[in-house]
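Novice: Given next are the chains, with one letter for each unit.
There are 2 protein chains.
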Amino acid sequence: MTQFDPNKLTFDDKGLLPVIAQDHETGEILMLAWMNAEAVAKTLETKKVTYWSRSRQAFWIKGETSGNVQALIDLRVDCDRDCLLAIVDQTGPACHTNRRSCFYTSVIDGTEHELMKPEV
Amino acid sequence: MTQFDPNKLTFDDKGLLPVIAQDHETGEILMLAWMNAEAVAKTLETKKVTYWSRSRQAFWIKGETSGNVQALIDLRVDCDRDCLLAIVDQTGPACHTNRRSCFYTSVIDGTEHELMKPEV
Numbered sequence: 386m387t388q389f390d391p392n393k394l395t396f397d398d399k400g401l402l403p404v405i406a407q408d409h410e411t412g413e414i415l416m417l418a419w420m421n422a423e424a425v426a427k428t429l430e431t432k433k434v435t436y437w438s439r440s441r442q443a444f445w446i447k448g449e450t451s452g453n454v455q456a457l458i459d460l461r462v463d464c465d466r467d468c469l470l471a472i473v474d475q476t477g478p479a480c481h482t483n484r485r486s487c488f489y490t491s492v493i494d495g496t497e498h499e500l501m502k503p504e505v
Numbered sequence: 386m387t388q389f390d391p392n393k394l395t396f397d398d399k400g401l402l403p404v405i406a407q408d409h410e411t412g413e414i415l416m417l418a419w420m421n422a423e424a425v426a427k428t429l430e431t432k433k434v435t436y437w438s439r440s441r442q443a444f445w446i447k448g449e450t451s452g453n454v455q456a457l458i459d460l461r462v463d464c465d466r467d468c469l470l471a472i473v474d475q476t477g478p479a480c481h482t483n484r485r486s487c488f489y490t491s492v493i494d495g496t497e498h499e500l501m502k503p504e505v
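Quick note, the sequences are listed as chains A and B, same order.
For what it's worth, this note's numbering labels the leading residue of the first sequence as 386, then goes sequentially.
For what it's worth, this note's numbering labels the leading residue of the second sequence as 386, then goes sequentially.
Bear in mind the hints are in silico, worked out from the structure with no lab data behind them.
Don't take each hint at face value.
Each pair may be met inside one copy or between any two copies, as identical chains are not told apart.
Within a straight-line C-alpha distance of at most 30 Å, the following computed DSSO-like cross-link-like pairs (lysine-lysine) qualify [to be verified]:
id : residue 1 : residue 2
1  : K502      : K393
2  : K399      : K427
3  : K432      : K393
4  : K432      : K502
5  : K432      : K399
6  : K427      : K393
7  : K433      : K393
Start from the sequences and build out the full structure, keeping to the hints where you can.
Specialist: Take a look at the structure:
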């Protein structure tokens, strides 16, 4: 068996890679955010999904402030090792707009349609 | 209704944004690749998912060579407008390794486990 080493992933020129968060029960895509090698290691250690906030330039334990945590169920690496898929148990809405998913806007027909409302 | 304009998305310093491809029937995450504004426009026009290949620096109509095309079912924008979710009808395997999905390696327990084999 191959030991997993977060430092052997392929990061971009800022030391980051994109991470997709998917609901473990429904398969719904909740959000996409970024991790550096240390965030990947922290996520695996704590089982709390921990991103790197590009705006704040700091670790971002998802839900630490809002309570809308993501418990890690599985972490998957893609074929190029430059992207991760975090399969999670999401408490509350994943999006900062209070919607379940960040992908609430559909654009298929040239106009934008809101697919879901903020939770109350 | 808001008209969708690919040029009003938020691209990175290389003019790209990440695009998640998800199977429209199973909800499975197939791959993540990149688009520039023109690739987004081409994808919407042709309904054939068209990425920007960072290695070849060229448009990449998914499946043009292999036949493993992605027919666009829905395109979704995230809250920050810096990431897209393409919901697709995938012909054949999505991954260049001939696996259904690029995310075939699970790393949850510190070691890597192969979740699926190449299709034959």
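Novice: Of the hints given before, which are not true for this structure?
Specialist: Those not satisfied: there are none.
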